[in-house]
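Guided by the hints, dock chain X onto chain L, whose structure is given.
Number of protein chains: 2
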Amino acid sequence: MLRTHTCGVLNLSHLHEKVKLSGWIQRSRDLGGMTFIDLRDRYGITQLVFNMEVNAELCEKARKMGREWVIQIEGMVTERSSKNKNIPSGDIEIVVDVINVLNKAKTPPFTIEDHTDGGEELRMKYRYLDLRRNPVKNNLIFRHKLSIEIRNYLNDIDFLEIETPFLIKSTPEGARDFIVPSRMNPGQFYALPQSPQTFKQLLMVSGMDRYFQIVRCFRDEDLRADRQPEFTQIDCEMAFVDQKEILDTFEGLIKHLFKKVKNIEFDSIPQMTYADAMRLYGNDKPDLRFGMTFVDVTNIVKGKDFKIFDDAEAILGINAKNCASYTRKQIDALTDFVKRPQVGASGMVYIRYNEDGTLKSSVDKFYTEEDLKNIAMAMEANPGDLMLLLSGKLEKTQKALSELRLEMGNQLELRNPSEFAPLWVIDFPLLEWDEETHRFYAKHHPFTAPKPEDVELMSSNPAAVRANAYDLVINGSEIGGGSIRIFEKEMQNQNFKLLGFSAEEAQAQFGFLLNAFEYGAPPHAGIAFGFDRLCAVMSGVESIRDFIAFPKNNNGRDVMIDAPSEVADNQLDELFIKLNEIPQ
Amino acid sequence: MLRTHTCGVLNLSHLHEKVKLSGWIQRSRDLGGMTFIDLRDRYGITQLVFNMEVNAELCEKARKMGREWVIQIEGMVTERSSKNKNIPSGDIEIVVDVINVLNKAKTPPFTIEDHTDGGEELRMKYRYLDLRRNPVKNNLIFRHKLSIEIRNYLNDIDFLEIETPFLIKSTPEGARDFIVPSRMNPGQFYALPQSPQTFKQLLMVSGMDRYFQIVRCFRDEDLRADRQPEFTQIDCEMAFVDQKEILDTFEGLIKHLFKKVKNIEFDSIPQMTYADAMRLYGNDKPDLRFGMTFVDVTNIVKGKDFKIFDDAEAILGINAKNCASYTRKQIDALTDFVKRPQVGASGMVYIRYNEDGTLKSSVDKFYTEEDLKNIAMAMEANPGDLMLLLSGKLEKTQKALSELRLEMGNQLELRNPSEFAPLWVIDFPLLEWDEETHRFYAKHHPFTAPKPEDVELMSSNPAAVRANAYDLVINGSEIGGGSIRIFEKEMQNQNFKLLGFSAEEAQAQFGFLLNAFEYGAPPHAGIAFGFDRLCAVMSGVESIRDFIAFPKNNNGRDVMIDAPSEVADNQLDELFIKLNEIPQ
Numbered sequence: 001m002l003r004t005h006t007c008g009v010l011n012l013s014h015l016h017e018k019v020k021l022s023g024w025i026q027r028s029r030d031l032g033g034m035t036f037i038d039l040r041d042r043y044g045i046t047q048l049v050f051n052m053e054v055n056a057e058l059c060e061k062a063r064k065m066g067r068e069w070v071i072q073i074e075g076m077v078t079e080r081s082s083k084n085k086n087i088p089s090g091d092i093e094i095v096v097d098v099i100n101v102l103n104k105a106k107t108p109p110f111t112i113e114d115h116t117d118g119g120e121e122l123r124m125k126y127r128y129l130d131l132r133r134n135p136v137k138n139n140l141i142f143r144h145k146l147s148i149e150i151r152n153y154l155n156d157i158d159f160l161e162i163e164t165p166f167l168i169k170s171t172p173e174g175a176r177d178f179i180v181p182s183r184m185n186p187g188q189f190y191a192l193p194q195s196p197q198t199f200k201q202l203l204m205v206s207g208m209d210r211y212f213q214i215v216r217c218f219r220d221e222d223l224r225a226d227r228q229p230e231f232t233q234i235d236c237e238m239a240f241v242d243q244k245e246i247l248d249t250f251e252g253l254i255k256h257l258f259k260k261v262k263n264i265e266f267d268s269i270p271q272m273t274y275a276d277a278m279r280l281y282g283n284d285k286p287d288l289r290f291g292m293t294f295v296d297v298t299n300i301v302k303g304k305d306f307k308i309f310d311d312a313e314a315i316l317g318i319n320a321k322n323c324a325s326y327t328r329k330q331i332d333a334l335t336d337f338v339k340r341p342q343v344g345a346s347g348m349v350y351i352r353y354n355e356d357g358t359l360k361s362s363v364d365k366f367y368t369e370e371d372l373k374n375i376a377m378a379m380e381a382n383p384g385d386l387m388l389l390l391s392g393k394l395e396k397t398q399k400a401l402s403e404l405r406l407e408m409g410n411q412l413e414l415r416n417p418s419e420f421a422p423l424w425v426i427d428f429p430l431l432e433w434d435e436e437t438h439r440f441y442a443k444h445h446p447f448t449a450p451k452p453e454d455v456e457l458m459s460s461n462p463a464a465v466r467a468n469a470y471d472l473v474i475n476g477s478e479i480g481g482g483s484i485r486i487f488e489k490e491m492q493n494q495n496f497k498l499l500g501f502s503a504e505e506a507q508a509q510f511g512f513l514l515n516a517f518e519y520g521a522p523p524h525a526g527i528a529f530g531f532d533r534l535c536a537v538m539s540g541v542e543s544i545r546d547f548i549a550f551p552k553n554n555n556g557r558d559v560m561i562d563a564p565s566e567v568a569d570n571q572l573d574e575l576f577i578k579l580n581e582i583p584q
Numbered sequence: 001m002l003r004t005h006t007c008g009v010l011n012l013s014h015l016h017e018k019v020k021l022s023g024w025i026q027r028s029r030d031l032g033g034m035t036f037i038d039l040r041d042r043y044g045i046t047q048l049v050f051n052m053e054v055n056a057e058l059c060e061k062a063r064k065m066g067r068e069w070v071i072q073i074e075g076m077v078t079e080r081s082s083k084n085k086n087i088p089s090g091d092i093e094i095v096v097d098v099i100n101v102l103n104k105a106k107t108p109p110f111t112i113e114d115h116t117d118g119g120e121e122l123r124m125k126y127r128y129l130d131l132r133r134n135p136v137k138n139n140l141i142f143r144h145k146l147s148i149e150i151r152n153y154l155n156d157i158d159f160l161e162i163e164t165p166f167l168i169k170s171t172p173e174g175a176r177d178f179i180v181p182s183r184m185n186p187g188q189f190y191a192l193p194q195s196p197q198t199f200k201q202l203l204m205v206s207g208m209d210r211y212f213q214i215v216r217c218f219r220d221e222d223l224r225a226d227r228q229p230e231f232t233q234i235d236c237e238m239a240f241v242d243q244k245e246i247l248d249t250f251e252g253l254i255k256h257l258f259k260k261v262k263n264i265e266f267d268s269i270p271q272m273t274y275a276d277a278m279r280l281y282g283n284d285k286p287d288l289r290f291g292m293t294f295v296d297v298t299n300i301v302k303g304k305d306f307k308i309f310d311d312a313e314a315i316l317g318i319n320a321k322n323c324a325s326y327t328r329k330q331i332d333a334l335t336d337f338v339k340r341p342q343v344g345a346s347g348m349v350y351i352r353y354n355e356d357g358t359l360k361s362s363v364d365k366f367y368t369e370e371d372l373k374n375i376a377m378a379m380e381a382n383p384g385d386l387m388l389l390l391s392g393k394l395e396k397t398q399k400a401l402s403e404l405r406l407e408m409g410n411q412l413e414l415r416n417p418s419e420f421a422p423l424w425v426i427d428f429p430l431l432e433w434d435e436e437t438h439r440f441y442a443k444h445h446p447f448t449a450p451k452p453e454d455v456e457l458m459s460s461n462p463a464a465v466r467a468n469a470y471d472l473v474i475n476g477s478e479i480g481g482g483s484i485r486i487f488e489k490e491m492q493n494q495n496f497k498l499l500g501f502s503a504e505e506a507q508a509q510f511g512f513l514l515n516a517f518e519y520g521a522p523p524h525a526g527i528a529f530g531f532d533r534l535c536a537v538m539s540g541v542e543s544i545r546d547f548i549a550f551p552k553n554n555n556g557r558d559v560m561i562d563a564p565s566e567v568a569d570n571q572l573d574e575l576f577i578k579l580n581e582i583p584q
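If you're matching them up, the sequences are chains L and X in order.
For the first sequence, counting from 1, position 419 maps to 419 in my numbering; every step adds exactly one.
For the second sequence, counting from 1, position 366 maps to 366 in my numbering; every step adds exactly one.
Next comes chain L alone, as it looks inside the complex (with noise of 0.2 Å):
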């Protein structure tokens, strides 16, 4: 036996027991006659002691060791003279009469500490030392201790956990699939699932009614900086339901998600249509932990020949509440910010309400003393007040300002870590039209059922159709969304027509689904949520990238593994594939 204990469990009740660790060497000090060791493992630090009065030949043994060897010790547990209150077994240490170096390390290329030396670079490719550091390793636990707790609360109002297969079809439909050659099918590939969305659907056909699964999905896409190839979805399904019982049911897994693992309680998440979360926070993903909602002032402002303004299709402003006090200098950096290209608007323009009751602004020019009042009424502003206009196009503006909101929000540190502001954004548009391709695109996927009552604009303003279709929200991060599904093939058919599939694309495609549609499918709807990105919004993180636990880079390339690399030509010959001349 190599341990009786690990390194996290000791302390004052277990005083005078002979005792076993095993663990690594987190530090090591010599005090004169003294040598205290650290001892580290999953479960905490101990304090070794070896005293060179009393064994002079293995305190200098401990002398000689480093940093991360793996060494087992026997020893008794005895009361510290001074304890250590900030870590649970700080009221006592060992004092060692054996010790074994089970294995030797050389130095690590970064500290294994909480704030660690190591660069990104270098933690990734030596990633099973920085799994070692308890930020790193607490996001595991967490991620662990969550994924434990959504499979029993669904499993106990009986959602069943069906594993969909990897190896499927390729479909040009939506993002970039990776594909897999088949050795026994010449010349024919798999595809890498970028949801199960279909198998889903097909499991509520075979009526399993209540599904779900924690899934890999793969997109191959080009990775912006939070993006992984692989991620992890919870993915679900369910049969016989409005879209108020969905929601109603992943309200309450996420509810008690927050409840069970961050003891943080919820009433019931608000929900906000697509239109006015468009409206009022320029952006589908509103972050609720602050307000400085969007106030259409484009009514009030025209007229004044302010050329710009005249000329918008909107205006539209946020009130950051106290904010008078701003310098030139902090409203200058602002403007910059909001006409960085990822931004993308042309200028900005501030009305300052001073403290004194009298307003000043960049366009006074244009606008009186009275003019300026007018709008600060409507946009609810009291003297210390700044208010920041921008306009343009309407989406162009929304956009610009849904960012600016976001920075103030940042700048006035409303944007707590903490604080969780969780929201139900429902009725999206169904369709989207893309400009460059000239066609409609699914806002959601093509499995989407439009609202009832806007099935016959299908027709006649196919962008005017809203869908069943919803997104959870927290602090500005999608976490999931979902909807209410076709199920029935003539709807399906008109949808798939709409999306610019002809008849046999839509049969070649998606046939099996269309098929089993007319075998007596029940109505069904269902909802997934992005995993790696629920385990960072619940620890108040922006990156995924440290919950999972070998990630690649924004190459796509695993650099501890070095992963991709280049196969045998007998490999490629056995799948009747060869490689392009391949661009230097």
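No wet-lab data here; the hints were simulated from the structure.
Each hint should be verified, as a subset may be incorrect.
Same chains, same label: a pair holds when it works inside one copy or across any pair of copies.
Said to hold, decoys possible - Dumping the calculated DSSO-like pairs for lysine-lysine here, alpha-carbon to alpha-carbon at most 30 Å: (1) Lys125 to Lys307; (2) Lys321 to Lys285; (3) Lys451 to Lys255; (4) Lys18 to Lys396; (5) Lys145 to Lys255; (6) Lys360 to Lys61; (7) Lys329 to Lys489; (8) Lys489 to Lys61; (9) Lys260 to Lys145; (10) Lys20 to Lys244; (11) Lys125 to Lys18; (12) Lys125 to Lys497; (13) Lys18 to Lys259; (14) Lys399 to Lys360; (15) Lys20 to Lys451; (16) Lys106 to Lys489; (17) Lys285 to Lys307; (18) Lys104 to Lys489; (19) Lys259 to Lys145; (20) Lys64 to Lys307; (21) Lys104 to Lys137; (22) Lys329 to Lys260; (23) Lys262 to Lys145.
Since this is a predicted model, take the numbers as computed values, not measurements.
The following block gives chain X in isolation, referenced to the frame of chain L:
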């Protein structure tokens, strides 16, 4: 709301309640003035009743609806006059007021009954209909329950479920990889994992201590009847444990599962060395539900001028108790059985120990009654028994006699599907010599540690080295296997050398693991269970296919979605690959 209850819950306690139900029409019967419909969902069946006299219009409507239509009804729970004691809802029926057709259904291509008229191919194509049948549905529910119990058991003893990547690196060792071309890294490929072996070992190096994962794995092998290209593994690893501790831990898991899911309790699971398993059963996964162990009669039967035995390396026999009454025809059939190419024996010798104490054999020409009595004594045969002997090369004879033993077990109904005989097989050989490629292969995998007492043999007699490797066998099926791992770089290099890897090859393929071993790797060990197989064996079923929601056929095809399939040329272009000429 589409339903107030499911079709499995209503009983006499709900009498006179108004309810809404939704489900599929299992069957309907017209009995003159009355129409009965069995409404089915995942949870059960509830009888609906319609009365021509009470509501002719509704009754007519009901009569027009076909099998598998999806309907919603409202009605009142009433007591049945003729009760059905076979189903929980058999005491009541629903007198229906309102009926809504939610979706019509074409007549399914096979009956949705426990014993269907549909053939394998048809059921695979319409898998979503096959999943409606109780036997298949119940398998998936069983699988779900098992997965929940596995996770909770392991979570309770501090195991963490940690997800490892699916897009990893191809290694030539072991089975054939599925590979995935990388668009962002032209000319390079990911591989899908055959198991998370190296990642779980890295997690041990990272200090994660107790890891598990229920995870999909992939092998591009020619598929035998009961293999799938993707399969699910319960993958586990522990640090700081010896063999006893890891076997105890997972023995606990298996006992927990049988207790929780099947209400079967085991004593501790017996252990048998690989050497004994081969000697007594000719098989490293013996079915212990019955005895009929091998007896080596080589020394007894030689030297009587029976050339076949005199020339044989080994002569092994089994004693089929109480089978002396086997007819000549039955014995001939057994001889034909062992001569089948899959079994591979060249003939069979029988010795019948008649009830009257006389002996009759197929080799009476060479053996006296006295000789035969000596053989009988060695084989612990009594009057009424039948001895069956095979001879030849030792390994071939063991294999053939093992097949014969299992066949006799089947014929004598000694392999009861509701009885379970688990067994640990331990002390496997480290290496396996391959005559064809003239090299050693790892019997388990290249990371398995030799038994400490056999390390010296690694240079002198590698074939004799035993490994600290173990399999869990139930009823003749290998359910899981694992080993104590090598955790020191030098030992790992020595093992790679035995396997014919040059230092460069080892570094190129497994450098990340060898490097990790230099940074403080703890002693560790692991095991992996085949989850599909575990489900099947615990259900007393041979085939894994019906425990997988959407399995593939023997050509690796999903005939329902028709995958794999051809992909667009531009997809291949983006991946810098093209097709070779496909053989017709």
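Cross-check of the supplied hints:
In this assembly of identical chains, Lys125 and Lys307 lie within 30 Å of each other by CA distance neither inside one copy nor across copies; the values are 56 Å within and 66 Å between. In the homo-oligomer, the alpha carbons of Lys321 and Lys285 lie at most 30 Å apart inside one protomer (22 Å), although the nearest pairing across protomers, at 75 Å, exceeds that limit. In this homomeric assembly, Lys451 and Lys255 come within 30 Å of each other (Cα to Cα) only inside a single copy, at 27 Å, whereas the closest approach across copies is 51 Å. Proximity of Lys18 to Lys396 under the C-alpha cut-off of 30 Å is found in neither arrangement, the shortest distances being 70 Å within a copy and 54 Å between copies.
In this assembly of identical chains, the alpha carbons of Lys145 and Lys255 lie at most 30 Å apart whether taken from the same copy (15 Å) or from different copies (24 Å). Taking CA atoms no more than 30 Å apart as the test, Lys360 paired with Lys61 passes in neither setting, with 75 Å inside one copy and 75 Å between copies. For a Cα distance limit of 30 Å, the shortest separation of Lys329 from Lys489 qualifies neither inside one copy, at 61 Å, nor across copies, at 60 Å. Taking the shortest Cα distances, Lys489 and Lys61 sit within 30 Å of each other only across copies (23 Å), while inside one copy they are farther apart (76 Å).
With identical chains, the CA atoms of Lys260 and Lys145 are at most 30 Å apart both within one copy (9 Å) and between copies (22 Å). For a Cα distance limit of 30 Å, the shortest separation of Lys20 from Lys244 across copies, 17 Å, qualifies, whereas the shortest one inside one copy, 56 Å, does not. With identical chains, the CA atoms of Lys125 and Lys18 are never at most 30 Å apart, being 40 Å at best within one copy and 64 Å at best between copies. When the C-alpha separation of Lys125 and Lys497 is checked against a cutoff of 30 Å, the pair qualifies only between copies, where the shortest distance is 26 Å, while the shortest distance within a copy is 48 Å.
Taking the shortest Cα distances, Lys18 and Lys259 never come within 30 Å of each other, neither inside one copy (39 Å) nor across copies (36 Å). Taking the shortest alpha-carbon separations for Lys399 and Lys360, only the intra-copy value of 26 Å comes in at or below 30 Å, while the best inter-copy value is 95 Å. In this assembly of identical chains, Lys20 and Lys451 lie within 30 Å of each other by CA distance solely across copies; the values are 24 Å between and 65 Å within a copy. Proximity of Lys106 and Lys489 under a CA criterion of 30 Å is satisfied inter-copy only: 12 Å between copies versus 64 Å inside one chain copy.
Taking CA atoms no more than 30 Å apart as the test, Lys285 paired with Lys307 passes in neither setting, with 32 Å inside one copy and 86 Å between copies. Taking the shortest alpha-carbon separations for Lys104 and Lys489, only the inter-copy value of 11 Å comes in at or below 30 Å, while the best intra-copy value is 65 Å. In this assembly of identical chains, the alpha carbons of Lys259 and Lys145 lie at most 30 Å apart whether taken from the same copy (12 Å) or from different copies (25 Å). When the C-alpha separation of Lys64 and Lys307 is checked against a cutoff of 30 Å, the pair qualifies neither within a copy, at 78 Å, nor between copies, at 70 Å.
Taking the shortest Cα distances, Lys104 and Lys137 sit within 30 Å of each other inside one copy (22 Å), while across copies they are farther apart (53 Å). For the identical chains of this complex, Lys329 and Lys260 are neighbours neither inside a copy (46 Å) nor across copies (69 Å), given an alpha-carbon limit of 30 Å. Taking the shortest alpha-carbon separations for Lys262 and Lys145, both the intra-copy value of 11 Å and the inter-copy value of 27 Å come in at or below 30 Å.
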